[in-house]
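**Student:** Going down the list, the sequences are from chains X and W.
Anchor point for the first sequence: position 258 equals 258 in our numbering, and the numbering is continuous, going up by one each time.
For our numbering, add 315 to where a residue sits in the second sequence, where the first one is 1.
You may find that some hints are simply not true.
Stretches of chain X that chain W covers, calculated by requiring three or more beta carbons in the stretch to come under 8 Å of a beta carbon on chain W [what the hints assert, rightly or not]:
(1) 57-69
(2) 130-140
(3) 154-160
(4) 233-245
(5) 277-288
SDA-like, lysine to any residue: derived pairs with alpha carbons at most 25 Å apart [as the list claims (entries may be wrong)]:
(6) X:K311 <-> W:M423
(7) X:K32 <-> X:V48
(8) W:K573 <-> X:L109
(9) W:K360 <-> W:L335
(10) W:K360 <-> W:A346
(11) W:K416 <-> X:T307
(12) W:K573 <-> W:P504
(13) W:K444 <-> W:G385
(14) W:K444 <-> X:A68
(15) W:K444 <-> X:A41
(16) X:K311 <-> X:D246
(17) W:K360 <-> W:V332
(18) W:K416 <-> X:A313
(19) X:K122 <-> X:S204
(20) W:K416 <-> X:P234
(21) W:K416 <-> X:R309
(22) W:K416 <-> X:L242
(23) W:K573 <-> W:V327
(24) W:K360 <-> W:W343
(25) W:K416 <-> X:P38
(26) X:K125 <-> W:A507
These are calculated hints, taken from the structure and not from any lab test.
Virtual Cβ for every residue (Gly too), placed ideally from N, Cα, C.
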Amino acid sequence: MSTVTTPTRAAGGVGVMPDTPGWARWANAHRKWLFAAPAMAFVAVLIVFPLAWTGYLSLTDAEGSVRAESEFVGFRNYLDVLSDTDRFWPAVGRTATFTLAALLFEVVLGMAIALLLWRPFKGEKWVRVAILMPLVATPVAVGMMWRLIFDPNIGLANQVLGWIGIGPQPWLAGQHTALPTTIFIDVWQWTPMVVLILLAGLTSLSDEPQEAALIDGASTWQRFRHVTLPLLMPTVLVAILLRGIDALKTFDILYATKGRGGGSFHEVETLNVYAYGLSFDYNEYGVSSTVLILFFLIIIGSMWALTARRKEAQR
Amino acid sequence: MRPRGPYKVFRVVALVVVVLSLTAPLLWMIAASFKTNVDIYDTGKALAFSPTLDNYATVLQQANYVQFIGNSLWVALAATVASLILGVPAAYSMSRFNMRKSALVVLMARVIPGVSLLVPWYYVFSNLKMVGGFGVLILSHMFVSLPLIVYIMMGYFDGLPEELEEAALVDGLTHIGAFRRITLPLSVPGVATAGILSFIFSWNNFMFALVLSDAHTKTLPVAIFDFVGYASIDWGGLMAAATVVTLPIMVIALFVQKYVVSGLTAGATKG
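With these hints in hand, go ahead and build the complete structure from the sequences.
**Tutor:** Structure below.
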């Protein structure tokens, strides 16, 4: 063996035989970047460069046609947007309300359902199928489905309310009920995601701490509060992080249920919907880029805060 | 620790409520797709209606949905295959050489709001006269697929012992040969998970096609809006269209449930 491997090692280490052609030798030696470079280049061209361009556009007065000339205006767009209490700040408020409310319901309900599913039972398979369905359903189709169910005149929702003696509600059509209704739709579709993540976390927990607490005479609630929850906390924070990012960026169900501009009174106009409208309904590319950069900073900021919190929980 | 006594009863009731609230709306949508608009407007006929296939005839024949189904399939498959070709080797490198910073750059794509990419893309691609073509659509959907695939596959490669590759090297394979002949065949479940999830997310994607497609290249989620008129909505047609979009993906998920769940929860339980 040693007579064969010695020249090989000299030629480029294990994994390269003496009869390996030159280009293959080179490829093996540079495989780290050879493998990673195409994907990295794709990301650079399609993501990093556009993002940098968005940053540049936010400092210009680009509008109208994409071929029109635009002028550098410095931070004027930022001053305009940040002092805009008509559309921008209400959109920030709706984004925060939507995200926080959806997250709260999704995490609490998700935890409850995950705990229900934790220990094995008959028919488990079918319950899991049911949980998967909203998750894989096309969000736009889900939006349309709820649009019919929440229709004030012919919808199932008001019919059901009628049976239990409650008057009809305007749901998506009401100026103050539209946002809560879209939050409900988001909760319906994405609570299963939280359930799956928490269930994966619960299954990976060992039984010993539970049994120890049981022997010490801890009640069910005490066991959950002082044993399960602290052990599960890192997973809960992952669920909040993943769901939070997507909830901030919600677009499909809002567009499907309320259309352009988040409805005629902008009832469900979040930052993402606002930025989309500025870009593609009004062609205000400069201002829209400013909104997007601010939106991006909000997302990064919340992620950073959550990741810091997660590191703390793991300590 | 199996549950006992009253909890057992409570648990069954609670599970039934959960299952019903998740599935009933979907079943209602499918039921409505088999109703005439007259029956949809008659709330007394919620369940007692005579089923009709008229809505599906409208969707598939008049509304040209056969073409849109083809568009959606083509875009989702092409984006998934291209992303797998780029993403799997990249994920391998990032896992084996511990390139966490490079990985972070790719994963940033999951965080960036899609609109902020659409504006520059629209600028560039409309100047290249590519808006409305399949090329841009597939590229834009790869922006969804690639990070997802890299994320899932990195976790998968992290869990594959390196010793197997080392043994292959000793047996005379090159590094790339070991990746191709040992690691890849062992990664089939991971690649399947990543591919299935990428297909689902691409099929469901709405915003990119909304901006970058035209009347001939639009995908199903965009085509749904054909049934929402300015003044009135063809509810039967709309529900049939929604069912055509979402039922295939639900059926696929039913059969490959294990992969979908493992992809959705990838990386959620480790530090």
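**Student:** So, for every hint listed, does it hold in this structure?
**Tutor:** So, going through the hints one by one against the coordinates:
no.: 1; hint: 57-69; in the structure: holds (count 3)
no.: 2; hint: 130-140; in the structure: holds (count 11)
no.: 3; hint: 154-160; in the structure: holds (count 3)
no.: 4; hint: 233-245; in the structure: holds (count 6)
no.: 5; hint: 277-288; in the structure: holds (count 4)
no.: 6; hint: X:K311 <-> W:M423; in the structure: holds, 19 Å
no.: 7; hint: X:K32 <-> X:V48; in the structure: holds, 21 Å
no.: 8; hint: W:K573 <-> X:L109; in the structure: holds, 23 Å
no.: 9; hint: W:K360 <-> W:L335; in the structure: holds, 20 Å
no.: 10; hint: W:K360 <-> W:A346; in the structure: holds, 11 Å
no.: 11; hint: W:K416 <-> X:T307; in the structure: holds, 16 Å
no.: 12; hint: W:K573 <-> W:P504; in the structure: holds, 10 Å
no.: 13; hint: W:K444 <-> W:G385; in the structure: holds, 23 Å
no.: 14; hint: W:K444 <-> X:A68; in the structure: holds, 16 Å
no.: 15; hint: W:K444 <-> X:A41; in the structure: holds, 23 Å
no.: 16; hint: X:K311 <-> X:D246; in the structure: holds, 21 Å
no.: 17; hint: W:K360 <-> W:V332; in the structure: holds, 24 Å
no.: 18; hint: W:K416 <-> X:A313; in the structure: holds, 23 Å
no.: 19; hint: X:K122 <-> X:S204; in the structure: holds, 21 Å
no.: 20; hint: W:K416 <-> X:P234; in the structure: holds, 22 Å
no.: 21; hint: W:K416 <-> X:R309; in the structure: holds, 21 Å
no.: 22; hint: W:K416 <-> X:L242; in the structure: holds, 19 Å
no.: 23; hint: W:K573 <-> W:V327; in the structure: holds, 24 Å
no.: 24; hint: W:K360 <-> W:W343; in the structure: holds, 12 Å
no.: 25; hint: W:K416 <-> X:P38; in the structure: holds, 16 Å
no.: 26; hint: X:K125 <-> W:A507; in the structure: holds, 21 Å
The structure shown violates none of the earlier numbered hints.
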